[in-house]
Amino acid sequence: MVGRIYRAKKCIDYEKSALSAYPKINLKLLNVRLEEYPSTLSFVVDTGFEGSILVKNDVYEFFEVGELPRKYWRTYSSMAGLITMKVAKAIVWLGENIKIETYVETPLLGTGKMLVGRELLNKVVVILDGARKQACIADTI
Amino acid sequence: MTLVIKKVDEKIIREFKAEAARKGLSLSKAFEEAVRTWLTFKGKYAVSETDLNNMAYEAIEDKFKDQSGKYVVIARGTLVGVFKSLEEVAEAMKKFDPPVKQALVVKVGYDDKVPGELEWLGGSIELKSA
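Chains as they are written, first to last, in the working numbering: chain Z, 720 to 860; chain W, 4 to 133.
Since the hints were derived computationally from the structure, they do not count as laboratory data. Be aware that a few hints might be false.
[Stated by the list, open to error] Capping the alpha-carbon separation at 20 Å, the derived lysine-lysine pairs in PhoX-like fashion look like this: (1) Z:K790 - W:K68; (2) Z:K805 - W:K104; (3) W:K110 - Z:K790; (4) W:K110 - Z:K805.
These numbers were taken from a predicted model, which means no experiment stands behind them.
This is chain W alone, in the form it adopts within the complex (with noise of 0.2 Å):
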């Protein structure tokens, strides 16, 4: 069948024609192709949440460095706020509807220290019979 699309962005355009040719594919089959991805992945993100949250908040730590002791919270790929207590970011979490199952929550200058290699002695070590 023919389909005939108007007032598209003629950059996405470009690029999608760009990407066709690498590919070696026809404008029709390149267009197939994207439609039948958005369609596997329909309600589902091919990012996942965590990883869009951790992408946010690389983007934007430098910006929080002096502001010790506060929580900056992450969440839908956003910043929601920075929040003096921690029932300042309940009260932010808790305006989500539907609920965050997943969100970035860092008290600057205390959980962004990597502490290096930590130890787990024997603690996973028991006898399975006396």
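Bound-form chain Z, shown alone (with noise of 0.2 Å):
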């Protein structure tokens, strides 16, 4: 038994779906201006997806302002083939000075989605809570 302890700071309740919900973690994003996104975003826990954080292209253009040369952006290996991203930096606001520099990135073509990836993941404690329906924040204690 390991015995770490984790404190919940901020919870949600996961997304429903057609048969199983799934979790979900709101986010505070600020551009390279320092300027935070004017509401809270919500994105679906993908671990299966490599990068960062993936966004609409809508949400993607307040990021421009900081964005990777073409030659930096990136591309990704999916069931539907290889997927090109635009990528733009991006800074994570969890709160009491806790800031992190990461990603946004948007597809080239088509519209996007929401989701929160492994590289940003592997930089925070989320808990699971797949009993209460809830994905939360934490902390070790």
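Combine the two chains into a complex, taking the hints into account.
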């Protein structure tokens, strides 16, 4: 037994789906002008996505002020074939002066989705409480 | 009508005449076409701001190879500066009036590492009905 205790800071309910509800977390995001996106954004937790944060095209526009050059955009191998993503810098604000420099991405072609992938998930503590159908940002005690 | 224009750059006129000849146009027809194009695209970039910024970055990126950890910022087709922190980047970006819509920001040694082909497994698969 590891004996580690986690303290949930913010929890949100899973999103209902046709068969199995899926975990979501809320994030506050800033662009490189350090302006906060006007609303708190909700993201599906997707450990199958290797990148940081995937957003829809209209959300991405807010972050274009800190875009990476085209040569550093990313290509993903998916079940639908190769997908090229535009990439911009962003800052995740977890409160209490905890800021994580990260990336937001959106498909070059297509409208995109709102999900958070492994590149960011590997930098934070997330509790997936399936029994309560809640996902929580947490810290260790 | 007849139009006389003075003090025009000789080199540009030479290139203009050569291009008109290549297209088989008289000088007056070529001038009309050029003016029409200019009027059509007035207030718009024939090349997007994103293209300009990317071209500017590619032209100067080698100069910053030894500045790992610093942020290179390109906007409006030119280098805005090299900054030590995102706070400094934000300060520089806020000085633009009107604000820039698109700019390039690269953290040298971090953002410029191309990770190769990444994976996106079945994350996009959802049941439509159970």
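Check the hint pairing W:K110 with Z:K790 against an upper bound of 20 Å on the C-alpha distance. With a Cα-Cα distance of about 14 Å, the restraint between W:K110 and Z:K790 holds, given a limit of 20 Å.
Between the alpha carbons of Z:K790 and W:K68, is the straight-line distance 20 Å or under? Distance ~16 Å between Z:K790 and W:K68 Cα, so the pair holds.
Hint consistency between W:K110 and Z:K805 [alpha-carbon to alpha-carbon, up to 20 Å]: Roughly 16 Å separates the two Cα atoms, so the pair holds.
Pair hint Z:K805 and W:K104, alpha-carbon separation not exceeding 20 Å: 15 Å, holds
The structure fails none of the hints (numbered hints given earlier).
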